[in-house]
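S.K.: Residue numbers (this note's numbering), protein chains in the order written: chain A, 4 to 243; chain B, 979 to 1317.
Think of the hints as simulated: they come from the structure by calculation, not from any bench. Mixed in with the good hints, there may be bad ones.
Unchecked claim - The calculated DSBU-like cross-link candidates involving lysine-lysine, where the alpha carbons are at most 30 Å apart (straight line), are:
| # | chain 1 | residue 1 | chain 2 | residue 2 |
| --- | --- | --- | --- | --- |
| 1 | B | Lys986 | A | Lys132 |
| 2 | B | Lys986 | A | Lys19 |
| 3 | A | Lys67 | A | Lys114 |
| 4 | B | Lys1265 | A | Lys142 |
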Amino acid sequence: MEGIVSLRDIRMSFGKETVLSGINLDVREGEILGLLGPSGSGKTTMVKIIAGLLQPTSGSVRFKGRPVPSLEQMRQIGYMAQSDALYLELTAYENFDFFASIYGLSNKERKRQIERAAKIVDLADHLRKPVEHFSGGMKRRMSLAVSLLHQPQLLILDEPTVGIDPVLRQSIWNQLHQIRESGTTIIVTTHVMDEAEKCDRLALLRGGILIAEGSPQQLKETSGASTLEGAFLHFGGAPA
Amino acid sequence: MKIAAIMKRIFRQFRRDKRSLALMIVAPVFVVTLLWLVLDTGEYEPSIAVIGVPAAMAAAMEEAGAHIFETDIEEAGRALRNREIDAYIRFDRQNPQVMLEGSNPSANSAVLRVLLRAAQDMNPLPVRPELHYLHGSEELNLFDRIGPVLIGLFTFFFVFLLGGVSFLRERTQGTLERLLAAPLKRWELVLGYLCGFGLLTVLQSVIIVTYCIYALDMYMAGSILYVLMVTFLLAMTALSLGTMLSAFAKNEFQMIQFIPLVIVPQVFFSGVFPLENMEPWLSGIGKIMPLTYGAEALQQIMIRGQGFSAVQSQVYVLIGFSLAFAVLNTIALKRHRKL
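Using the sequences provided together with the hints, build the complete structure.
M.R.: Put into structure tokens, the structure is as follows:
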């Protein structure tokens, strides 16, 4: 069955270098799908293709049955890149207000959504502060909140917890689970194994090839490994 | 709606970044003022030592605007070497011998001018031409002549730099990617920038132009509204060019590297230096440079007092440049999102 996002025979090369090849993947509606792989394995390229920011060299991407990209789809997708992508000299509120307007939210709706998003990431008390005075963790949460403003049906997060302390990381994952409860599908990239455990399903990526797919439990069982790390090494064909 | 949001954001950023706002408005005013102090001077009054020159001749030279010292040849030679005087004149068998210091062309010509005037005064020509000016006046000096070019140049330079760097930062800080992951059309982004900065450049143009004309008393024969229009169009060209070229810079430093490539050549060809004696093919290079058209139009209006009909072709060219650069920028953004 075709998922809310489906990738078929995706190949991506930059010049002579092939970054992704033979990618087939379906993301099910309402799940948290983790893209797990070492750095350089093509995770970011893959999420950029799904977000419509990159066009694959060959193959097709569909979101809700329609080919990506289209402006209409972008209204339903939230994308958080690895960089925080905020206007540092503006206050948190001004940042929210700007991005919400870009998503075409009305005046009243903007106010409501800004409050909601700020509350989710626990920044409601800091809205009047310029973002340049934020700590690294606050900026990361702020960036996450920006991608939630327009209540996307699909949330794409590229390494959302990189450089974040364990306490905050825990709280972000709690928020992600909450967001999923409201029906949002989430694709998240990570290279941290214990984070991968928190996903509903995982796709293991290595050297631009999808080496395995399944729930963390399934992956461990199939490979006979006790940890995801072991499973990853098993599927990757590396000596355990 | 989305364009308005981008404009609003640009204003908010400038409100918090007063230094950049100052760069756009205060810096051109400051630089023009400095040039005014340097260039807006009267005729140079040369110092000339005279040795055995008839008193009537010395008086005539003094009348013509020189500082005259009566001295002997040794003293004159010493003073000339020490650059205390610009020249000395010695009468040798009725024939005046003039020795010039020689290293400063404007001092040289000032000495020759004084000599010529003095000679005329002593032997008046039978016919004395009456001088009339079609444009400008006897008072028109270097600052007045290149003033219109300077207004154009500084507007162009600072808007180019600021617009280019802001658009570049959009990319380096990752917000461009975020914006393109949103349902924003590429041309909406480009237009938002042009409109947001456009309003700021209106403010900038008004301040620079009124300051030059009313405070610095720059020669102004035409209508200030036309001057503002041309300055604004020039700023828009600079803005669309700067934002487009920022696509080819990786960081702010690389943006600065465009200055010797894009700005400096335009200065040479814009009319600060006389182009009349240049090879035709060489002055043709100026035809591809926006500043050439802006400066030409500003000179037509400010010095020759012309109206719209005299500058309309330049105006259309500037509009054409802006549109072309904006379209190219929209195309260049395809690198970041095909749609």
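S.K.: Going straight from one Cα to the other, do Lys67 (chain A) and Lys114 (chain A) come out at no more than 30 Å?
M.R.: 29 Å, holds
S.K.: Given the hint that Lys1265 (chain B) pairs with Lys142 (chain A), does the C-alpha gap stay at or below 30 Å?
M.R.: At roughly 48 Å apart (the allowed maximum being 30 Å), Lys142 (chain A) and Lys1265 (chain B) break the hint.
S.K.: If you draw a straight line from the CA of Lys986 (chain B) to the CA of Lys19 (chain A), is it 30 Å or shorter?
M.R.: Not OK: Lys986 (chain B) and Lys19 (chain A) at ~43 Å, beyond 30 Å, violated.
S.K.: For the pair we were handed, Lys986 (chain B) and Lys132 (chain A), check the Cα-Cα distance against 30 Å.
M.R.: 18 Å, holds
In this structure, the earlier hints numbered 2, 4 are contradicted, and the remaining ones agree with it.
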